[in-house]
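One letter stands for each residue in the lines below.
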Amino acid sequence: MSPITFIILWPLVAALLIGFVPRENRSTIRMIAIAGTFFSLFIALGLFFQFDTGEAGYQFVQREPWVGALDISYYVGVDGINLGLIVMAALVGFAACCLAYDVTERQKEYYILLLIMIGGIIGAFASLDLFFFYFFHELALVPTFIMIGVWGRGEKKNYATFQITIYLSLGALIALIGLVALYVQSGAETFDLVKIIESTASDPFSTSFQKVVFPLLLFGFGILVSLWPFHTWAPLGYGAAPTATAMVHAGVLKKFGLYGLIRIALPLFPEGARHWLGVIAILCLGNILYCGWVAMRQKDLNLLIGNSSVAHMGFVFLGIASLSLVGITGAVFVMVAHGLLAALSFGLSGYLYTQTKDLTMTDFGGLLRQMPFIGTVMVMAFLAGCGVPGFANFPGEIMVLFGAWQTVPVAVIIAAWGALLVGAIYMLRAIRTMLHGPRSEKWTTLVDATSAWRKLPFALLLAGLLFLGCYPPLLTEKIEPSAALVVDRLNGDEKKASADLKEPTLTKDLSTKELSSALSSALAWQERRD
Amino acid sequence: MKVSIIGLEISVILLGIALLLVDLWVPARYRKGLGYLAVLGLGVILVSSFSMNASEAHYAFGGMYVLDQLALFFKRFFLLTAIIVLLISIEFSGRIRTGLTEYFSLMLFGLAGMMFAASSHHFALLFVSAELITVTFYVLVSFQRREIPSLEAGVKYLVLSALSSGLLVYGIALVFGAAQTLDFQALSEKAGQLGNDPLFLVGMFFVVAGLGFKIAAFPFHVWAPDVYQGAPIPTTAFLAVGSKAAGFALLMRLFFSAVPDFVVQWDLLLLILAAVTILYGNLCALPQQNLKRLLSYSSIAHAGYLLMGIAALSQSGSSAVLYYLAGYLFAVLAAFAVVTVVSNQVGAEDIASLAGLNRRGPLLAAAMTLAMVSLTGIPPLAGFFGKFLLLKAVLEQGAATTAHTGYYWLAGAAIVGVVISIYYYFGIIRTIFWSKDPEDLSPIPVSLPLRATLCVCLFGMLYLGIFPDYPLDMATEAVRALTF
Chain A
8 MSPITFIILW PLVAALLIGF VPRENRSTIR MIAIAGTFFS LFIALGLFFQ FDTGEAGYQF
68 VQREPWVGAL DISYYVGVDG INLGLIVMAA LVGFAACCLA YDVTERQKEY YILLLIMIGG
128 IIGAFASLDL FFFYFFHELA LVPTFIMIGV WGRGEKKNYA TFQITIYLSL GALIALIGLV
188 ALYVQSGAET FDLVKIIEST ASDPFSTSFQ KVVFPLLLFG FGILVSLWPF HTWAPLGYGA
248 APTATAMVHA GVLKKFGLYG LIRIALPLFP EGARHWLGVI AILCLGNILY CGWVAMRQKD
308 LNLLIGNSSV AHMGFVFLGI ASLSLVGITG AVFVMVAHGL LAALSFGLSG YLYTQTKDLT
368 MTDFGGLLRQ MPFIGTVMVM AFLAGCGVPG FANFPGEIMV LFGAWQTVPV AVIIAAWGAL
428 LVGAIYMLRA IRTMLHGPRS EKWTTLVDAT SAWRKLPFAL LLAGLLFLGC YPPLLTEKIE
488 PSAALVVDRL NGDEKKASAD LKEPTLTKDL STKELSSALS SALAWQERRD
Chain B
2 MKVSIIGLEI SVILLGIALL LVDLWVPARY RKGLGYLAVL GLGVILVSSF SMNASEAHYA
62 FGGMYVLDQL ALFFKRFFLL TAIIVLLISI EFSGRIRTGL TEYFSLMLFG LAGMMFAASS
122 HHFALLFVSA ELITVTFYVL VSFQRREIPS LEAGVKYLVL SALSSGLLVY GIALVFGAAQ
182 TLDFQALSEK AGQLGNDPLF LVGMFFVVAG LGFKIAAFPF HVWAPDVYQG APIPTTAFLA
242 VGSKAAGFAL LMRLFFSAVP DFVVQWDLLL LILAAVTILY GNLCALPQQN LKRLLSYSSI
302 AHAGYLLMGI AALSQSGSSA VLYYLAGYLF AVLAAFAVVT VVSNQVGAED IASLAGLNRR
362 GPLLAAAMTL AMVSLTGIPP LAGFFGKFLL LKAVLEQGAA TTAHTGYYWL AGAAIVGVVI
422 SIYYYFGIIR TIFWSKDPED LSPIPVSLPL RATLCVCLFG MLYLGIFPDY PLDMATEAVR
482 ALTF
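Going down the list, the protein sequences come from chains A and B.
Take 8 as the starting number for the first sequence in this note's numbering and just add one per residue.
Take 2 as the starting number for the second sequence in this note's numbering and just add one per residue.
None of these hints come from the bench; they were simulated from the model.
Here a beta-carbon is modelled for each residue, glycine too, at the ideal position from N, C-alpha and C.
Hints may contain errors.
[To be verified] To spell it out: a stretch of chain A is covered by chain B in this simulated footprint if at least three of its residues, at any positions, have a beta carbon under 8 Å from a beta carbon of chain B; those stretches are: (1) 188-196; (2) 341-349.
[Said to hold, decoys possible] Just a few of them, taken from the derived set where beta-carbon distance is under 7 Å, the chain B residues facing chain A: (3) Leu47; (4) Ile379; (5) Ile416; (6) Pro472; (7) Leu473; (8) Asp474; (9) Met475.
[Stated by the list, open to error] Pairs of lysine-lysine, DSS-like flavour, derived with a Cα cap of 27 Å: (10) B:Lys437 x A:Lys364; (11) A:Lys115 x B:Lys437; (12) B:Lys437 x A:Lys164; (13) A:Lys163 x B:Lys3.
Looking at chain B on its own, in the form it has when it is part of the complex:
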């Protein structure tokens, strides 16, 4: 085994430890600078990831860990997410009273967990990486420990997350009991015959429930609204993008590497899960007044859209998931960056605090507007092309399936969901541009790094929407590693 295979993860963890050590010698007022150091380090790691070659899969730890195109895609995705989230955290740092450096390095450890998740090819690594993510989030969620909502969110996350981890590990145990192996490669050879084994079925069901918690899909979503609302904004952003994407990475590995022959039996279950999640998330988002809570329900809805790609059980479905995730990253992080700046200035996180934003900060208003438009799925932004690919995959599968018409109903549910979502996303845009003038119209200052962040997000949304050729090839290339 060559160490270079897990080089990226090692570098991230070393960077996190280095930050903690450097912190000992850095006076408190310069700690913000450590955040920039972390961003710089992650930038170097991200760039160096492009020199890695994964055109054929490399294995480590006896096949537990795999480095292929899919893993590399997700690792870059997580690195980019972490860079942007760190930049948001630096903006947010004024509201974290103590332990700023710990906050940064915990994010890096969480990032390492996500990167391991992208490569997991064995139930043990799947569980360990999922736990590494969850445990860091216990702390990250309750980091504003003088604020009651943050603590409350932390406790809720802890309890529900522990429950889901319990389900996950119990499910893994049952699967092991039925299949006598935890290795995905070995499992994939046996899974086809285990379809009727009740032990295996219950086990798989628990595993999916545990992962459903990560991606916040209905009915495993109950934690999301409260935790999203109570947690510090950068944590929420990291949960909404990083943790959710890690859940999808694990789900894709599980379904299409470990049990591809088995999962075809579950198409109806996945269809229903996706449709209900879409409708539930969108309907619940309608009456929300708190931006973070609204984004949390919308992120549940997006988990539903993403599940459409999984439920399609096809290569085009999975590549659509990757494409959609990329568009989702830029839109959601742009939105959270704007919420951070505005709530720093205004001191509130409800939709009304965005009133008159177009005059107070044109860049903020533009970023928020385009993010909402992209999340709705309107051309020429990334969200549209992603939704288009997902719909295409679902309808393709619908044409190929003769047993039931579920795929067409799913497409219908997605359309209904999009139409509902127009109402609340455009409600935000309406507040920005044409609400009654607020009393305070003083300009909102935006720091240079955050300005750059917003520009990157805008560029990402537009690039993925207008020039989908290359990124789509990349996504298609990445899912070659899976079997359908």
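Looking at chain A on its own, in the form it has when it is part of the complex:
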């Protein structure tokens, strides 16, 4: 049994156990949920440190046949691309369970659904079988709808539920058509992603087919990731979702589409990707600029975070559009960083909402004095959101910008403005309104998180952001060999790709150098600007 299986199973087992606990034992239910996700996180961290850095292929592989006739199997494994995501998902899952105390009704069902969602999405990230990849994602997606519908908040709850349900189901189904079409066309008669990639290496898909199926995946997955202009479900949905649901969905589940693009669409449809490059670049600017702009006008904290999280997705798309090693490494890095950041932001807004039931920003003021811990974490989260060095978002975004310069320079110039200016405006404005200034008269009774237990989830997420921000090679060294494989396939360089598989790229020391030089010049530039 691979440790990955346990990472997926623990939350699901915890969900099953909760099913047998009487609903009156609320603390037991909560403890089981927290313990289940904690075990999962613990194993995930172990996996992270046992991972053989510099190796490009899959590690900790496990394969169990499931449907013989169609060659579908439960097949999990990690490489650099999904390792960070799995650890991030386990961390966010644990934090979300810790912060789920805002749900006071029917907690039993809530925790069951939340745990299924966490187990499902970790499974989707770990799966190397197309069917299970989709299956696990749907397993995680459906509880989201139910949680928003039943435990959601605000007047627009029902509207938001239906919007998110229909939008995301449509996206998932379009992607499903793309996946089945690629299965059929590959002729490999298997859902095993590794085998399909191998078989298409010698016999690639025809260019016309790539041009048709790539957009199916791009827009199907794009809807799931709130690609502009299909993003309208996201701010509303997150505004209506209970805290833990918003954390897991915005932080983890949303990355599924991006992961699918990098894992499946890029290596299998290089021609298609190149053909649609311009479209991705334009749409990602829509995310960065338009949604950043919309975020500037928000009065409600949740809508601000929701819109800014949509805007951040633009950087990942830009990284994908770069089709370069640095850009794609950066995209994966941003995915992990943004996962932590989105979870932290929604955790904080949920913490406030539990006490106020209202998140109009102008009603707050001087929160730093009133709630020193929460206020400080909030300042740091907002700074991370505008891409200040020292937080994980910075190295990721900078790598994306540097990587994309070669392919789409104009987009990079515009995106850099969007990142530095628009992001800074709305984040700093939020800091000014809510955290500084005179204490609000409306909310005089707010209570800070004092016990270590309450602080723990915030501290963990923040630690993740700071750790990766200060020492990015921890992750980039792991991502880079696997990303190199994707890029080589993109360039049709099959020989190089198989060489990458056999000998770790790190020994060539080519791109780490590139990365560190990119980082240091970026830092120097930032200093000059300051």
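Take the given structure of chain A and dock chain B to it, following the hints.
Positioned in the frame of chain A, the structure of chain B alone reads:
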């Protein structure tokens, strides 16, 4: 000819006659028990069907009747459907004032018709079995004869069904005129050359129209909503699952045993039929408030999904149809079982009557929810894997077809249909779990047999969704009998 080849049908008919005879000596208050007797009998027949060997086809009545894997698959399917529907009828029996035993035995005769349909290998048997099903349903639909809606439904069914039977028999006559034979085996050798014969074309068109009535595909569906709504609930359930599946059994036999070389010409026609049926059924289901009417439109939509597998004209398409039907059986029967219990208690059949069901009967709420989720096609339930197989078959055929891109459009229509269906299926779930609290929150009692029925349905939906390996092999094995 060995009698054992038609042993299953004979046993079912004998069981029906036995029920009628026993009824003469049983006092009225024990008649419900006869239903259990019928269930027990069918259970024995179902189990004994597993001792039958059909790995090679056996023929009877001069090739009219065939017993192969496909026939056996459908016979088991119908037996299981009838068992569950009988259990629902027993629950419903309080609302059937007179002739309860006749109701049970008519169901058994209808079942026999379906089982013959599964084996028909000749136009004569096709027609006779289709009529046996239809005639029993004339009575079953209008069985609550003191209730006007039931009678109205009966009359509508009678008139429209007679029309479709007329079309069917006229079509058969034209086909005979063109091909000089009614035997599927002989026809399959000639059908390839008859593709341009207008007589044959019109004949085939009428036959398909007649069968389209059975499966309630657009534009032959007009009877379905009113009849489904007016008929007693067990009848509706039997119509939605048994009669529809029998239509598909006949359609598969006709297309892939009798005229496989001819039907390839009709791929576009079938594609359009499937796409329009999917979209029509789903769109019409959106505004419905009556549960039975909503389920009837959704069953039209499902006929469309199933037609996708037929339109794929391939082995994987047909095995997907069988798989999908199996998942459909459990989901639809679970839903009708819940509707029966709830309408017994509440006295209404609209969606609002499900409000607060999660507190009034958790098992009922769970069964209804999972049934809706499975019908929508969301993992890990049976409906998802079925839809997945259908989509796969359609896209496979799309990749193999260079003449037109219709298969991709069909897949697109199916996706649109699924997204529309999410709205109304989840509307039901929303009513169950988070509608404004109704005044009456008294628990709804569920009898032990029905509880078992619901558990079987839940198990079926989950098993087909989570462990598709063995059932898929069975479905693939079953369609080996057909030629593509």
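Agreement of hint leucine 473 (chain B) with chain A interface, Cβ distance less than 7 Å: Because about 5 Å separates leucine 473 (chain B) from the closest Cβ in chain A, which is inside the 7 Å limit, the hint holds.
Hint validity - isoleucine 416 (chain B) Cβ closer than 7 Å to any chain A Cβ: Since the shortest Cβ distance to chain A is 4 Å, the answer is holds.
Restraint satisfaction for isoleucine 379 (chain B) [CB to CB of chain A, less than 7 Å]: Cβ of isoleucine 379 (chain B) sits 6 Å from chain A, so the hint holds.
Hinted pair lysine 437 (chain B) and lysine 164 (chain A), Cα distance within 27 Å: holds, 14 Å
Claimed coverage, the segment 188-196 of chain A by chain B - three or more beta carbons nearer than 8 Å: Per the Cβ count (4), the hint holds.
Given hint lysine 437 (chain B) paired with lysine 115 (chain A) - CA-CA distance at most 27 Å: holds, 21 Å
Per-residue hint verdict: aspartate 474 (chain B), partner chain A, C-beta under 7 Å: Hint holds; aspartate 474 (chain B) Cβ to chain A Cβ min 6 Å, cut 7 Å.
Status of the hint placing methionine 475 (chain B) at chain A (closest C-beta pair under 7 Å): Violated. Min distance 10 Å.
Hint check, proline 472 (chain B) versus chain A [nearest Cβ-Cβ separation less than 7 Å]: violated, 10 Å
Given hint leucine 47 (chain B) near chain A, where the shortest CB pair must fall under 7 Å: violated, 25 Å
27 Å limit on alpha-carbon distance, applied to hinted pair lysine 163 (chain A) and lysine 3 (chain B): With Cα atoms ~68 Å apart, lysine 163 (chain A) and lysine 3 (chain B) exceed 27 Å; violated.
Chain B covers the segment 341-349 of chain A, three or more CB atoms within 8 Å, holds or violated: n = 0 at 8 Å, threshold three: violated.
Hints 2, 3, 6, 9, 13, counting from the list given before, are not met by this structure.
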